[in-house]
Amino acid sequence: GAVVSQHPSRVICKSGTSVKIECRSLDFQATTMFWYRQFPKQSLMLMATSNEGSKATYEQGVEKDKFLINHASLTLSTLTVTSAHPEDSSFYICSARDYWTGGRGFDTQYFGPGTRLTVL
Amino acid sequence: EDQVTQSPEALRLQEGESSSLNCSYTVSGLRGLFWYRQDPGKGPEFLFTLYSAGEEKEKERLKATLTKKESFLHITAPKPEDSATYLCAVRGTTQGGSEKLVFGKGTKLTVNP
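Just so you know, the sequences run in chain order V and L.
Counted the way the numbering used here counts, the first sequence spans residues 1 to 120.
Counted the way the numbering used here counts, the second sequence spans residues 1001 to 1113.
You may find that some hints are simply not true.
[What the hints assert, rightly or not] Computed list of lysine to aspartate or glutamate pairs in EDC-like fashion (alpha-carbon distance at most 16 Å, straight line):
(1) Lys1108/L <-> Glu1081/L
(2) Lys41/V <-> Glu1081/L
(3) Lys1057/L <-> Asp107/V
(4) Lys1059/L <-> Asp1082/L
Derived from the structure by calculation, the hints contain no laboratory data.
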């Protein structure tokens, strides 16, 4: 199957600093990418949907000025956590959609391995 | 509003003991039902996409089926390495053209040797 990579896999930072997480689709072009957050023993929480070349759509309750998303190319999306605080510590996972509407069509969404953010 | 309910929340099996996981859904215009496997501390791993009632897909010991109201993930003769949380999600046709997946809470499967 297709591969989605995330970097870094783990980051520890001091309160008040900004952290950037990169998400890449390695062998397909992704018009649409998604960013999720996951708390321990809970399911995925969608934070935002990003489409290449346009502004991200944020879910209700997610601060767009705190979680900056840039989908600059068909293979790269970045999430920047600005002025991070301990409550931002979490597991962040990106996902890229691979789909085709022609013929029989297909729709698959692949996930990255996740980034563990710890804010001290 | 699209909804996904998975059952049971947790399932313990002995190695070789076949069983099924259930995913019930309500959605406006199903565009796809997705199954994922997630190991602790990792991102979900894609297993299957099903598009229409009656469709079935298989991969090794796993078989996914779909009806108009639910999907089953059948696990045949499971092994300890099949232990994971299995997630079900749907993509529907929503107003505003939302492309997001709606996830269930998952079924945590433990297979004992």
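Okay, the hints, checked on the actual structure:
1. Lys1108/L <-> Glu1081/L: Holds, because 13 Å separates the two Cα atoms, which is no more than 16 Å.
2. Lys41/V <-> Glu1081/L: 19 Å, violated
3. Lys1057/L <-> Asp107/V: The given pair, whose Cα atoms are some 14 Å apart, holds under the 16 Å limit.
4. Lys1059/L <-> Asp1082/L: Roughly 12 Å separates the two Cα atoms, so the pair holds.
Hint compliance for this structure: hint 2 is the single one not met.
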